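Chains as they are written, first to last, in my numbering: chain U, 58 to 256; chain W, 3 to 308; chain G, 12 to 411.
Please keep in mind that the hints were generated in silico from the structure rather than gathered at the bench.
Since this is a predicted model, take the numbers as computed values, not measurements.
Virtual Cβ for every residue (Gly too), placed ideally from N, Cα, C.
Accuracy of the hints is not assured; some may be wrong.
What the hints assert, rightly or not - When the alpha-carbon atoms are kept at most 16 angstroms apart in a straight line, the in silico EDC-like pairs for lysine to aspartate or glutamate are as follows:
(1) G:309 x G:103
(2) G:185 x G:158
(3) G:22 x G:51
(4) U:182 x U:163
(5) G:278 x G:337
(6) W:34 x G:140
(7) U:241 x U:133
(8) U:241 x G:337
(9) G:176 x G:298
(10) G:35 x W:209
(11) W:97 x W:209
(12) U:241 x G:103
Unchecked claim - Just some of the chain G residues that point at chain W, by a computed CB distance under 8 angstroms:
(13) 177
(14) 180
(15) 211
(16) 361
What the hints assert, rightly or not - Covered by chain G, per the in silico footprint, the following chain U stretches (three or more residues, Cβ under 8 angstroms):
(17) 178-185
(18) 225-238
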Amino acid sequence: MPQQSKSTAQAQAETALLAAEALLQPWASHINKPQPDDKTLARGENPLVFPYSRRRIKLTGHGRPDVLDISLQPAELLEVVQTLMDANWGYLITITGVDLGPEAGEIEVLYHLAQGAAVVTLSVKVGRETETAVIPSICSIIPSASFFERELSEMLGITVQNTPNSDRLFLPDDWPADVYPLRKEFVAGSATAVDAQNT
Amino acid sequence: MDSVVNVAALLVFPGGLFVIAAGLFYEWIDRKIIARLQNRLGPRWFQPFADTVKLLAKEEIVPERVNPILFVALPLTALAGALTAALYVPMAGLKPAFSFPGDLIVTVYMLSLLTLCTGLAGATTRDRFSLVGATRTLTQLFAYEAPFLLALLGPAIAAGSWQISEITAYTETHVWILVTQPIGFIVALIGLMGKLELPPFDSPEAETEIVAGALTEYSGRGLAIFHLGKGVELVIGLTLITSFYLGGLSNPLAFVLKTVGLLVVLAALQSLMTRLRIDQTVGLWWRYGALLVLVQWLILFVIQIV
Amino acid sequence: MTAVISPKKEKFIIPIGPQHPALKEPGHFEFAVDGEIVTEATVRLGYVHRGIEKGAEARNWTQNLYLVERICGICSHIHALTYALGVEVLAEVEVPPRAQAIRVLVAELERIHSHLLWFGVAAHEAGFDTLFMYSWRDRETIMDILEALTGNRVNYSANVLGGVKFDISDEQRKVILDGLDFLEKRTHHYLDVATSDGMFLQRTRGIGITRLQDAQRLGIVGPTARASGVMRDVRVDAPYAAYDMFPINIVVETAGDLEARFVVRLKELFESFRLVREILDNLPPGDLQAKRFPRRIKPGEVISRVEAPRGEVFYYIRSNGSDMPERVKVRTPTLCNMASVLSLAVGHHLADMPMLLVGIDPCFSCNDRGVSICSSQGEHGRWTWERLRQFGIDYYANKV
């Protein structure tokens with residue numbers, strides 16, 4: 058019984074990932090498929106490693122991972138999300154923004170979608186400047202993304218185009234504009250409140 | 003001599019101090035029983051008294067943009083109304099201090115004065131919670147008032163008089179009206195709960211929605227006086243229902259036993275039920291309460307004619 | 012029955028929170044009402060921001076375990092568990108099965124405590140204080156069990172990276188089993204009350220119905236989603252820790268109203284009782300902790316998902332090879348469910364608002380967790396009426 062439930066969940070995840078991969082065929086070149094890691098295989102372990110960043114990913118069972126990673130251009134994002142949603146593949150867990158730092162000059166935005174144990178992560182990189190830190194809103198496809206997009210824009214200073222509501226969600230009203238707490242250069246406690254009446 | 007007695011009736015017994023003290027004491031019984039039913043310890047016997055003293059000693063904050071005269075006068079009017087009502091009921095099992103034909107109606111409406119003042123107090127303070135609370139208080143007033151009055155008139159018809167002292171004299175010498183008019187008793191009892199805004203009819207002061215309802219902005223003396231008025235109303239309501247439905251109040255002992263007994267029933271009912279929404283309260287009263295009491299009347303008339 | 016406070020046809024707005032008797036935690040809701048009917052609803056969050064996501068970037072892996080445990084008081088173990096599971100995958104550390112089983116045991120005990128707490132709060136919001144008092148009295152049983160196990164009532168601190176801190180002795184086993192027997196009896200009673208008490212049902216049956224497709228569209232998670240018929244439970248979908256050894260049965264209702272949410276949570280309690288007993292009877296032998304845990308963790312990223320009492324908790328952890336994480340992203344279930352309250356509120360009675368709000372079992376501490384601490388100076392910002400009104404209008408005008 059215990060083994061059965063594990064294998065069912067894993068089998069479902071594998072089916073779901075195969076389905077996702079089939080759906081994402083048009084963008085197949087962007088998919089970061091994991092490769093077996095020779096070094097650890099030799100030690101009898103079996104983690105898979107992404108070739109492009111040597112990311113290690115979690116395995117639910119043996120052989121196949123439970124995640125699929127795909128790097129996209131901001132312009133392609135809506136189409137991919139639409140494809141997945143049209144096929145009724147999974148649901149949006151959240152949107153994560155990761156500041157890669159001033160040297161890299163990029164912010165990575167990750168859209169995590171899940172179906173069962175399978176997680177598809179859409180990775181979109183945008184710039185750090187006001188003009189380049191722009192990403193399209195997916196709220197027209199997934200309305201529940203609104204909160205996530207609000208959080209993303211207030212924490213990292215990314216402009217989300219066409220989002221239904223760009224007001225602050227968590228930060229106080231007297232939080233200074235142009236200070237984004239999750240940027241690497243921000244030091245906790247350094248911001249001072251501004252009079253919200255004047256902003 | 004007469005005037006001394008009258009002043010004493012107004013200030014000490016049954017009108018003033020006595021009924022206020024009784025109100026605080028009954029409030030304690032109510033709170034204690036509910037606490038015990040809810041597996042809590044409950045307050046000590048002097049807690050309502052201590053609360054009142056504390057509130058009276060506190061600063062009374064008059065909110066901005068409020069008519070200060072109205073703000074101060076409303077609680078006083080409410081308490082005065084309740085205390086006046088005490089003069090016409092057989093308080094402590096003794097004869098009412100004053101009596102005239104039709105005083106039943108006057109008493110019931112003196113009690114409504116408290117609710118009315120609460121509603122107006124909420125409406126004048128311009129606080130959002132108060133306004134919603136006031137609307138609900140007044141809505142509820144229109145819901146229970148008619149069935150409650152009709153339920154009290156049942157015994158009056160049986161006694162053939164609208165004078166409280168005569169009805170009491172009738173009930174003391176006859177079989178308990180609870181037995182002959184059970185529906186009327188239930189409506190009157192639940193009507194009293196509605197009048198006092200006790201659970202499940204406490205949506206006018208539902209704390210999880212509108213904080214303290216109409217009295218949200220009241221503090222200090224005003225709140226204490228409204229509070230005292232509630233206590234007085236509780237005592238008078240219990241006295242009226244016991245003297246009408248539970249075989250009258252021939253002596254102080256019977257008064258204590260019967261009213262406290264009724265209070266225990268009230269407390270048990272309160273702790274058993276979920277708060278009703280205001281629309282559900284109104285629906286309950288007009289769909290069932292009013293109808294039931296009319297059925298009771300019909301039965302009464304049929305019996306009297308036969 | 013209309014209440015207009017000015018002739019300018021301004022909306023009559025009932026604010027709930029951040030300080031309000033209905034909310035035990037700070038959040039701010041604005042309900043525009045027409046009489047008793049809610050016509051608009053907006054939310055403002057962030058009152059319990061503590062800068063945890065930012066703070067995590069400046070602390071090492073071990074310190075962060077204790078930091079994330081303090082995200083929430085009710086589901087503290089869940090946060091530490093999610094974090095630990097993720098970091099252990101990143102560090103390629105195998106956790107002994109006994110430790111995983113004890114983690115699940117504490118997680119399920121915490122679920123019992125959380126659901127009972129919720130049940131009491133929900134009863135209180137409905138104005139049924141007797142039920143509130145009784146359910147919280149019974150909840151003390153589980154609090155005592157947790158205290159006997161871990162030494163704490165709130166932040167149990169059961170996890171370490173690579174295992175757990177304590178074993179379960181025979182006396183503790185007996186205390187747990189006795190407590191569960193008592194609670195199981197009480198839960199049967201509560202389920203009976205929640206499904207048969209006429210006055211209570213007036214406030215729950217048919218109120219706040221979320222249909223299956225709406226639940227999916229709004230991305231609702233946890234018991235709230237399962238009450239609408241969404242078959243989604245991370246414990247079943249992606250068994251973590253010891254849930255593959257001790258599988259759980261998913262509890263689903265289809266009505267989608269408040270009553271269904273009561274039923275789902277109460278029935279989940281029975282599942283938890285069963286699972287805890289099963290774990291106690293079949294506790295795998297072995298160590299409590301992995302032999303060693305590296306101080307630095309190789310670059311990589313991991314997604315860790317766990318079913319908290321309120322729904323799916325999601326952690327995204329990225330390592331840059333140092334002893335501190337590059338990024339820790341936390342997504343708590345309340346944020347997903349909050350949108351459902353706002354969309355449900357419109358058309359319901361004001362009196363149903365506290366119930367609807369509590370129906371999702373909101374946890375504002377989890378929700379806000381926060382990103383940065385602001386050293387406030389000067390006057391705090393206040394929204395003018397006009398701005399608030401505009402906010403509400405825009406929000407709903409742009410909403411599909």
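Status of each hint after checking the structure:
1. With a C-alpha separation of about 9 angstroms, the suggested pair residue 309 of chain G and residue 103 of chain G falls inside the 16 angstroms cut-off, and the hint holds.
2. This hinted pair checks out: residue 185 of chain G and residue 158 of chain G have alpha carbons roughly 14 angstroms apart, not beyond 16 angstroms.
3. A distance of roughly 9 angstroms separates the Cα atoms of residue 22 of chain G and residue 51 of chain G; the hinted pair therefore holds under the 16 angstroms criterion.
4. Simply put, residue 182 of chain U and residue 163 of chain U have alpha-carbon atoms about 6 angstroms apart, close enough for the 16 angstroms limit, and the pair holds.
5. Proximity of residue 278 of chain G to residue 337 of chain G is assessed by CA-CA distance (about 40 angstroms); at most 16 angstroms being required, the pair is judged violated.
6. Proximity of residue 34 of chain W to residue 140 of chain G is assessed by CA-CA distance (about 14 angstroms); at most 16 angstroms being required, the pair is judged to hold.
7. For the suggested pair residue 241 of chain U and residue 133 of chain U, the alpha carbons sit about 27 angstroms apart, so the restraint of at most 16 angstroms is broken.
8. Straight-line distance between C-alpha atoms of residue 241 of chain U and residue 337 of chain G comes to about 10 angstroms, which keeps the hinted pair within the 16 angstroms bound.
9. Of the pairs offered as hints, the one joining residue 176 of chain G and residue 298 of chain G holds, with about 11 angstroms between alpha carbons and a cut-off of 16 angstroms not exceeded.
10. At roughly 13 angstroms between alpha-carbon atoms, residue 35 of chain G and residue 209 of chain W fall within 16 angstroms of each other, so this suggested pair holds.
11. At most 16 angstroms may separate the alpha-carbon atoms for a hinted pair to count; residue 97 of chain W and residue 209 of chain W exceed this at roughly 40 angstroms.
12. For the given pair, residue 241 of chain U sits about 27 angstroms from residue 103 of chain G by alpha-carbon distance, which is inconsistent with the 16 angstroms threshold.
13. Hint on residue 177 of chain G is violated. Least Cβ distance to chain W is approximately 32 angstroms, over the 8 angstroms limit.
14. Because the smallest distance between the Cβ of residue 180 of chain G and any Cβ of chain W comes to about 31 angstroms, over 8 angstroms, the interface hint for this residue is violated.
15. For residue 211 of chain G, the shortest C-beta to C-beta distance to chain W is roughly 5 angstroms, which falls under 8 angstroms, so the interface hint holds.
16. Using the Cβ-Cβ criterion of 8 angstroms, the hint placing residue 361 of chain G at the interface with chain W is satisfied: the shortest such distance is roughly 6 angstroms.
17. Remark: the segment 178-185 of chain U is not confirmed as covered by chain G, as 1 of its residues place a Cβ nearer than 8 angstroms to a Cβ of that chain, below the required three.
18. As drawn, the segment 225-238 of chain U meets chain G at 9 residues by the rule of a beta-carbon pair under 8 angstroms; at three or more, the given contact holds.
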